[in-house]
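S.K.: Start from the sequences and build out the full structure, keeping to the hints where you can.
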Amino acid sequence: MQLPGIFRQRKYQIAFALIVFVVLLVFWKPTVLIYGVQRAGLYASIAIPMALVLGVVGILNIAHGDFMMIGAYLAYWLSVLYGSDPLVAMIPVFVAMFVAGALTYKITIKHVLDAPEFSQLLLTFGLAMILEQLANLLWTSQPRKLHVDYASSSVTIGSLSFGVFEFTNVAIAILILIALMLFLKRTRMGQAALAAGQNPRGAKLVGINVEQAYLLLFSISIAIVSAIGGLFLARHSIFPLVGSSYTMRSFALIAMAGIGNLPGILFCSLGLGVAESFIMSFKGYSGWADIVFFALILLVIIIRSIRRY
Amino acid sequence: MKNNQSIWAMMLILSILITGCVKATAEPTQVPTSVPPVEEPTKVPTKVPTEVPTAIPTEAEPIKLGVIVSLGDISGINGQNGALLAQEEINAAGGILGRPLEVIVMDDEMTPEKGAAAVEKLVTVDNVDAFVINSFSGVHMAQIPTLKKYGTVTIVTGAASHLCEEAIGTDADWYFHLHSWDYMQGQGQKAGWLAITEKYPDLEFGSVFMAYEEGAFGTASFQFSQVLFEDMATLSGESFKSAAMGGGDYSAVLEHAKAENADSFTWVGYAADALPILEQAKAINYAPPFFVGAPPGWPPDFGDSPLSEGVIAYEVWADALTEVSDVSKDFYDSYVDLYGSGPDNYLAALVYSAVHILAEGMERAGTLEADALITALEETEYVAPTMEVITFSPSMIIKHQAPLTPMIAQYQGGELEVLYPWDRATSELIYPFPSWEGR
Amino acid sequence: MVLILSIFFPIYAGAYPQRVATTIVMYATLALSWDMMFRSGQPSLSIAGFFGLGGYAAALTFLDWEINPLISIGIGSVFSFMIAFILGLVILRIRGLYFAIATMALSEIFRVIVINWHGITGGHSGKALPSAIFDGDSARIYWLFLGLAILTAIVSEIFQRSRIHFALTSIRNNEIVAKSSGIDVFKYLVVVFGLTSALQGLVGGAYVHSYAFISPEGSFHFNFVLLPVTMALFGGIYGTIGPIVGTVILGVIGEYLKLKLPYGHLLVYGVIIVIVILFMPKGIVGTVKEKLHRR
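Residue numbers (our numbering), protein chains in the order written: chain A, 1 to 309; chain B, 310 to 748; chain C, 749 to 1043.
Incorrect hints may have been included.
Covered by chain A, per the in silico footprint, the following chain B stretches (three or more residues, Cβ under 8 Å) [as the list claims (entries may be wrong)]: (1) 613-622; (2) 711-720.
If you want the footprint, here are the derived chain B segments under chain C, 3+ residues with CB under 8 Å [unchecked claim]: (3) 418-424; (4) 445-451; (5) 455-465; (6) 525-538; (7) 568-580.
FYI, nobody ran anything at the bench for these hints, they're computed from the structure. Each residue gets a CB set at the ideal place from its N, CA and C atoms; glycine is no exception.
M.R.: Here you go:
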């Protein structure tokens, strides 16, 4: 029997299977979808700025998650001292950390751009250590949490109640993605930055200030991820080491999506988030969620490398 | 090609290095596994060091106490504070046997090698006369062979793993353990629940759902609880990844708990889980009659959240104790005078007590000589700020164990009030757990 | 000369410096073994995995068969080698980043298996050994680790001075060219992977016996990947001296800082790393070599 034309293509087969899976979930285990998507939003929001720096400037910022942690602490203290709402605090944090990111770039990153790649990594590793230890020294290892009413807001459909606040993660992730894509593709500065990333020497020849482009992108990346710290604070406890596990996850997501593929990160996050939720929804199997994480990434990487060779 | 690959390579390496940093410092493994049968005693010669003070000292040479804590963690900082507070008090009262007390603190950096190295340094370089050790089980295991080598009188205020007890063995007379072993912790909790269900007969306590973090601490707690609560309630449980380990999503566990509708919901995790798990429970509208949390410590701002109302905790120290005990109040006030704010963690009171116990033991013995000191310490009856009367008696393997009675406490109006034991109670139980409406 | 110093060192120093030195030597060995694999261009993140496997094998054979601890350490090493060899046959088809992830996944899997097999391994809490090797004598333990380090250094130098050096370097630079020059890339990679894992297993076994206990978190701790790699990068990769120098310097500085600054030492540690990299991007040894060549 011949399948209708469209289904003969691999791509569409996969898409169809996915749609069926999603529909099944909606009726069978809707929470998997809900929480999976929410989680994916958080992962993506953190991973995308990191991908920006990695893809264009070519630096893997190991301190990425730690900048989020710092942003979260800044938002926390703004809240405690001045009573501001953590989401509102995201704005001043963004501005402050943009400056901080620029400073960091000028003082450290700039100098290792020409060095062997591992030096760059060791540098950002040192930075990460500094940030973590600073936080531990200043604010101790005790976890802190703000209470905000809306963080536990929920919606009840029939007999199912679920939290809706975390959909903001998704909204923010999409926002960040669109904003960055527009910036990179439509604005002159963005295009210049892209060009600088693809071919620094060529870009310099045509008069693009590569230096500035890198500075800008790095600072934006730091600013974004720090601002996300404020959002994170509303729903999570923060402590000095809270950011590092997200760095690792972001990196794995970038690897999965492929460097430079910003929108791909969104999809990969979705896949990962839902897969994790799916595994956890079976009682007694939540310990496997971690292995699933590795397995999935490994799978994608292997498939991609097979295709390449 | 090569460039890209090695970039990737390094990138991955180092990003993972960072994850390592998380794990490296964020894993206080306190409590491991199931109750084992008693193994054959370990045959380790205990060398008794003789720090015999010659005659009456003409100049006041200090008595040195080695204190090992994890300074990278809040519990360690509190422990250090407790030790230094005790040092001050003792010296203000004339020292020990006419000599001043000198507390030397070393950080174990939460790694086994450094913990063992700390012991070596304190013995061989500083020549300490006794130890107070507040390391986690994983670190303590590495310290044990070294401690055995020297046989210095030691009070351990941490290390709950029964494996440590096995490693120490039956011959270590110099070893005093001032903390519950993992297989004991449930007993105190169970006694509390029995008493409470007796006092309030309308209470339902037939089924318990335990959400435990998937590491050694959570798994062990769950396994021991299964054994202990067997005759009292049906216990079912599920693991989750703690926020302290990069997890923090309790939706699955909470959904299953809600479906099971047990009489009591207990979570065993870390302080970072305390508020988020409540928030998620509220979001799915799950309000079990008992909401119990069993982390080793609570976040400092937990009481500030309206969600904390009615949460039950097992604690060894609560600020509320100052209302019912003068000893607690004095300790608390002195601590605040010295450090500006109250203790964050029960370890402050515990290490404080350990130092005082050692001081009293030395006074009683009249000498620092190990055998005499051990005998004197066996007579200890110390009233601690935790309102525990501390005495040492044999446990499964070792001779000198002082168990801690966990109190059953409840957050009411932002403060942690003690419910049980009755002689320490500062308030009555609020039951059932208040609904989420209006919070 | 350095060798003689390091051998006689314990006689003059007390137990505490011996302990510190033991730790440094241990990490130097791990750093060196990692570097040896890295010379082929493949970053392996399985140090902790084979360190742990070797440790568990050594401990369990010691507990169950009551053999001499040194022999059990050897068994641990052989076990690591076997597992590495078999798994290497599978995963050494993958390159670079992907290989790194694969090795990391392996370590995780080892850890999970060990935890779940608690009948044999003692699960989460692990097992205690009746006594430490040499009864905990710090000097002898130091010599044990020193011996392992010297062994690793010798193997490393053999790699550097033999055909293997050319093979690894050309594989690292351009695998296709290497293959067409007739180098059996796969064979080299598997062998090197197996050998370096065996060395890591040796160290793992020694570690377990020094502290007389095994536990999943203690033996598979991420520190055993994190620190050696950092120290190797810091000191300078692709050589024997680099990782050793890096480990010694960072180790000594770390310990010194800890004694002087009980609260901020890790912070200063991080600052030092950043500063050194800014001024010596090739790692310490790398930069020194460069300067020497320029003259």
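S.K.: If a hint holds in the structure, say so; if it does not, say that too.
M.R.: To see whether the hints hold, each was checked on the structure:
no. : hint    : result
1   : 613-622 : holds (count 4)
2   : 711-720 : violated (count 0)
3   : 418-424 : holds (count 5)
4   : 445-451 : holds (count 4)
5   : 455-465 : holds (count 3)
6   : 525-538 : holds (count 3)
7   : 568-580 : violated (count 0)
Going down the numbered hints, you'll see the structure goes against 2, 7, while the others check out.
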